[in-house]
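Assemble the whole structure, with the sequences as input and the hints as a guide.
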Amino acid sequence: MNKGSRVEVSSHSRIGKKIKSVLPSRNEWKSQRAFYTMMIPGIVLLFVFNYIPMFGVILAFKDFNLSKGILGSDWAGFKNFEFFFSSQDAVRITFNTIYYNGIFIVSGLLIAIIFSLLLNDIKNRHLSGFYKSAMFLPFLMSWVVAGYISYALFNVDLGIINQFLNALGFNSVNWYSDAEKWRYILPIANLWKTVGYLSVIFIAGLAGIDHSYYEAAEMEGAGKIRQALSISIPMLTPIIVTLFLLQLGKIFYADFGLFYNLPRESGLLFSTTDVIDTYVFRALRTMGDIGMSSAIGLYQSVVGFTLVVLSNWIVRKFNNENALF
Amino acid sequence: MIKKSSNIFSGQIISNIILAVFSLFCILPLVLVFSISLSDERSIASSGYSLIPENFTWFAYEYVMNSADSLFRAYGVTIFVTVVGTVLSVIVTALLSYPLSRSELRFRRPVLFYVFFTMLFNGGLVPWYILITQYLHMKDQIFVLIVPYLVSAWNVLLMRNFFRTIPESIMESARIDGAGEWRIFFKIVSPLSLPSFATIALLNSIAYWNDWWLGLLFIENRNLFPLQLLLQSVLSNLDALAAFSAARNIVVELPGETARMALCILAIGPIIIAYPFLQRYFVKGLSVGAVKE
Numbered sequence: 021m022n023k024g025s026r027v028e029v030s031s032h033s034r035i036g037k038k039i040k041s042v043l044p045s046r047n048e049w050k051s052q053r054a055f056y057t058m059m060i061p062g063i064v065l066l067f068v069f070n071y072i073p074m075f076g077v078i079l080a081f082k083d084f085n086l087s088k089g090i091l092g093s094d095w096a097g098f099k100n101f102e103f104f105f106s107s108q109d110a111v112r113i114t115f116n117t118i119y120y121n122g123i124f125i126v127s128g129l130l131i132a133i134i135f136s137l138l139l140n141d142i143k144n145r146h147l148s149g150f151y152k153s154a155m156f157l158p159f160l161m162s163w164v165v166a167g168y169i170s171y172a173l174f175n176v177d178l179g180i181i182n183q184f185l186n187a188l189g190f191n192s193v194n195w196y197s198d199a200e201k202w203r204y205i206l207p208i209a210n211l212w213k214t215v216g217y218l219s220v221i222f223i224a225g226l227a228g229i230d231h232s233y234y235e236a237a238e239m240e241g242a243g244k245i246r247q248a249l250s251i252s253i254p255m256l257t258p259i260i261v262t263l264f265l266l267q268l269g270k271i272f273y274a275d276f277g278l279f280y281n282l283p284r285e286s287g288l289l290f291s292t293t294d295v296i297d298t299y300v301f302r303a304l305r306t307m308g309d310i311g312m313s314s315a316i317g318l319y320q321s322v323v324g325f326t327l328v329v330l331s332n333w334i335v336r337k338f339n340n341e342n343a344l345f
Numbered sequence: 004m005i006k007k008s009s010n011i012f013s014g015q016i017i018s019n020i021i022l023a024v025f026s027l028f029c030i031l032p033l034v035l036v037f038s039i040s041l042s043d044e045r046s047i048a049s050s051g052y053s054l055i056p057e058n059f060t061w062f063a064y065e066y067v068m069n070s071a072d073s074l075f076r077a078y079g080v081t082i083f084v085t086v087v088g089t090v091l092s093v094i095v096t097a098l099l100s101y102p103l104s105r106s107e108l109r110f111r112r113p114v115l116f117y118v119f120f121t122m123l124f125n126g127g128l129v130p131w132y133i134l135i136t137q138y139l140h141m142k143d144q145i146f147v148l149i150v151p152y153l154v155s156a157w158n159v160l161l162m163r164n165f166f167r168t169i170p171e172s173i174m175e176s177a178r179i180d181g182a183g184e185w186r187i188f189f190k191i192v193s194p195l196s197l198p199s200f201a202t203i204a205l206l207n208s209i210a211y212w213n214d215w216w217l218g219l220l221f222i223e224n225r226n227l228f229p230l231q232l233l234l235q236s237v238l239s240n241l242d243a244l245a246a247f248s249a250a251r252n253i254v255v256e257l258p259g260e261t262a263r264m265a266l267c268i269l270a271i272g273p274i275i276i277a278y279p280f281l282q283r284y285f286v287k288g289l290s291v292g293a294v295k296e
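Going down the list, the protein sequences come from chains P and A.
Note that the numbering used here has the first sequence beginning at 21, numbered continuously upward.
Note that the numbering used here has the second sequence beginning at 4, numbered continuously upward.
Treat the hints with care, since some could be wrong.
[As the list claims (entries may be wrong)] Here are the simulated distance ranges between beta carbons:
(1) P:323 <-> A:116: 18 to 24 Å
(2) P:337 <-> A:138: 38 to 44 Å
(3) P:106 <-> A:46: 51 to 57 Å
(4) P:123 <-> A:17: 21 to 27 Å
(5) P:246 <-> A:19: 17 to 23 Å
(6) A:284 <-> P:46: 38 to 44 Å
[Stated by the list, open to error] Just so you have them, the derived chain P footprint on chain A, three or more residues with Cβ under 8 Å:
(7) 104 to 116
(8) 273 to 286
Quick caveat, the hints were computed from the structure, so don't treat them as lab data.
Model, not experiment: these values are computed from the prediction.
Heads up, the beta-carbon is just placed ideally off N, CA and C, and yes, glycines get one too.
See below:
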């Protein structure tokens, strides 16, 4: 259906072009001028806040000195990179970033797909409405609020989880100093926040599927699970691939809010909670090491960029339609 | 027929249990925060937090309302940032995406790429930070909480998709009637696009309301703290809360734990109140974004 409308639009524009070549060019120039005037604020803002910082990556090769400015500061060659990559930190934060994002992508998509299929099947509208509202609510909460929640849960003396453990006869756990536990806490927190939002997207996708497929399948005697595997999932594939690619492209960028607000910058937890973004932030704000923090930032940008282009290229090879660009 | 419906029912019990458990998992943490805020500080100190308020009291709210000028100032900052930011961002985004949706725009592809490329590559945190603090001198200016978020490539692409659903023949006939592009945009396209403007406005207003990142980076002046940044500073440091009362010479014992949670509830209150409305539009906006084309 959508394809049809797209064809229609493009044939329209072809007619439009024919008309345009007949129209006096002064008129056309006038409307082009109007279009470009409209776009000026947006183009300028993108230039200032997105493009100028791209040139700022030369900071990674400078020994930045505030009084000399960016261009005037001395060149440092690759010293900033050497310092970072020779430390233990490089491996740790790179691993943590990819490890968590990998888990987030797979678990989030998988659970959201299952939940959307379940939700789509619930006949009672009030119940399914309640589930959707409940699941979507965390998406509107900031990570700061999630930080309050995790504090209420994991506080060593007062926290509800330790009380629960005590009631069952177990000892209290020192959550804010036991790094290993965060390997599980962080993915669970991520599911809390994102599953509802992802499910909403999949439910919208499911709503677009023609009902006659299911009717036909039912007539052939296919059960619910069979229908999900043979109809729903294949029909959702374009959305799944799009969401997967969007997140894969950002696998080198951690969700700063999650990693900053939940572990509360506790140094004892850094082995499992420190990611590239929190590290860069700390290098910039606490240590004030501009050279090194911009070197890590550049490393992040370049690898991140390569990953998006690469993953899109791979998808394009297999199925052109699912590629992002 | 009967067999079928009983089959569905048996399957639905399991689905209902799974979904109900996950729903509770999503809501209960917020209920916990709410109930702590309604508890008595001393009973918390002795027996810890609980899901049901112990010795129910509004004292924490009274305390926060009476002693925390910063709370009201932070509310003011956040409301200002949210309203101005949302309005400006919708205008700028619409003005950028509309021409990009028109096939007769010359250099449409290069401009589209110019927008899209910002999603693929960026200079990183540090150059951006230095640009804003050292060159634009926006540190501790309220507009630093607004301007960096005005245009996002994602919103531009989303809105462009909306605009493309408007049939070109409408614009074409207005043009033949002699209307200029600005007139066409304001008199014809905008009224048709109000639902999409509302969607982007909601997405952006939540982003502005919940933002603490720009504040964390660029605001040091406590008078300009947005709500979420105040919240964050109080969680990381209870003294920030105590500082309010010290200034006012309040003798009462500081209800630290409960007041903190009360502050949190006050910050998310508006979102909860507007939630039914927000949810409906969000769902619409998100599905258009992802299920596009």
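So, going through the hints one by one against the coordinates:
Checked against the given bound of 18 to 24 Å, the beta carbons of residue 323 of chain P and residue 116 of chain A, roughly 22 Å apart, stay inside it. The beta-carbon spacing between residue 337 of chain P and residue 138 of chain A, approximately 43 Å, falls within the hinted interval of 38 to 44 Å. For the pair residue 106 of chain P and residue 46 of chain A, the beta carbons lie near 53 Å from each other, so the given range of 51 to 57 Å is met. A C-beta distance of roughly 26 Å is found between residue 123 of chain P and residue 17 of chain A, which places it inside the suggested range of 21 to 27 Å.
Between residue 246 of chain P and residue 19 of chain A the beta carbons are some 21 Å apart, a value that agrees with the proposed interval 17 to 23 Å. Evaluation of the 38 to 44 Å hint for residue 284 of chain A and residue 46 of chain P yields a pass: the beta carbon distance comes to about 43 Å. Closer than 8 Å: that is the beta-carbon criterion, and the stretch 104 to 116 of chain A has 6 residues meeting it against chain P, so the requirement of 3 holds. With 7 residues having a beta carbon nearer than 8 Å to a beta carbon of chain P, the stretch 273 to 286 of chain A meets the requirement of three or more and the stated coverage holds.
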